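Participant: With chain A's structure known, arrange chain B on it following the hints.
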Amino acid sequence: GAGVSQSPRYKVAKRGQDVALRCDPISGHVSLFWYQQALGQGPEFLTYFQNEAQLDKSGLPSDRFFAERPEGSVSTLKIQRTQQEDSAVYLCASSLRSSGSRDTQYFGPGTRLTVL
Amino acid sequence: TQLLEQSPQFLSIQEGENLTVYCNSSSVFSSLQWYRQEPGEGPVLLVTVVTGGEVKKLKRLTFQFGDARKDSSLHITAAQPGDTGLYLCAGARYNTDKLIFGTGTRLQVFP
Numbered sequence: 007g008a009g010v011s012q013s014p015r016y017k018v019a020k021r022g023q024d025v026a027l028r029c030d031p032i033s034g035h036v037s038l039f040w041y042q043q044a045l046g047q048g049p050e051f052l053t054y055f056q057n058e059a060q061l062d063k064s065g066l067p068s069d070r071f072f073a074e075r076p077e078g079s080v081s082t083l084k085i086q087r088t089q090q091e092d093s094a095v096y097l098c099a100s101s102l103r104s105s106g107s108r109d110t111q112y113f114g115p116g117t118r119l120t121v122l
Numbered sequence: 002t003q004l005l006e007q008s009p010q011f012l013s014i015q016e017g018e019n020l021t022v023y024c025n026s027s028s029v030f031s032s033l034q035w036y037r038q039e040p041g042e043g044p045v046l047l048v049t050v051v052t053g054g055e056v057k058k059l060k061r062l063t064f065q066f067g068d069a070r071k072d073s074s075l076h077i078t079a080a081q082p083g084d085t086g087l088y089l090c091a092g093a094r095y096n097t098d099k100l101i102f103g104t105g106t107r108l109q110v111f112p
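Chains as they are written, first to last, in my numbering: chain A, 7 to 122; chain B, 2 to 112.
Just chain A, with the same shape it has in the complex (with noise of 0.2 Å):
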């Protein structure tokens, strides 16, 4: 499909353990962004790249995330010794240009994270 699309779709994980959540934007598109939304509520700004470059990481809740996009196109989002706290849908979205905030950003259906 033409779309973002983010894997796994749902994830249980042990209060402690590591989980990664991996997003595939558009194509050819030039920014992505994280964002964490917990239920019932709009989703939280966590960070964004503009290709490679992590621009801003001002979102991430604690040093236990972590995001990278190697090479400019497919991006994960790391969470390490998970806590319940972190439990939360876990959106990706992308847009075409650099200047993400005033171009339409295309979300993928997000990772429902689930910590016991």
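Derived by calculation from the structure, the hints in this document are not laboratory data.
All figures in this text were calculated on a predicted structure; none of them were measured in a lab.
Fair warning: there could be bad hints in the mix.
[Stated by the list, open to error] A short, non-exhaustive set of chain A residues, derived as facing chain B with CB atoms under 8 Å:
hint, residue
1, Glu-50
2, Leu-61
3, Phe-71
4, Phe-72
5, Gln-111
6, Gly-114
Backbone N, C-alpha and C define an ideal beta-carbon position, used for all residues, glycine too.
Facilitator: Frame of chain A, contents of chain B only:
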């Protein structure tokens, strides 16, 4: 901390009724977007407003950006069950690349 407050948080109405959703902030935004999100999916962009006082119409949906660029509203005329979903406003701040999302309004339209 979310800078954009939406009201109401929940709205349950009958088909054919009109409704308005509000998105308010004390901060100024360069542009504001409205999204609709359905269960198990990511948000889908409905409209972007960029000029203070701007009004945009999309079929039965009317979007307005406040004169001071701090608030916005979404009005739906003659709501239909297909309008059911989570409505999110999102603001872009000057000189940043990230969107700040509102708290969300969950709309349920019954036939």
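Participant: Against each hint, give a clear statement of whether it holds in the structure.
Facilitator: Quick rundown of the hints versus the structure:
For A:Glu-50, the suggested interface contact is upheld, since its CB lies about 7 Å from the closest CB of chain B, less than 8 Å. Residue-level restraint check for A:Leu-61 holds (minimum Cβ-Cβ distance to chain B is 7 Å; threshold 8 Å). Against a cut-off of 8 Å between C-beta atoms, the interface hint on A:Phe-71 is violated, since the closest Cβ of chain B lies about 15 Å away. Violation of the interface hint for A:Phe-72 is found here, the shortest Cβ-Cβ separation to chain B being roughly 18 Å, above the 8 Å cut-off.
Annotation: A:Gln-111 was flagged as interfacial toward chain B, and the flag holds, the nearest CB pair being 7 Å apart, inside 8 Å. For A:Gly-114, the shortest C-beta to C-beta distance to chain B is roughly 5 Å, which falls under 8 Å, so the interface hint holds.
Going through the hint list in order, the structure does not satisfy hints 3 and 4.
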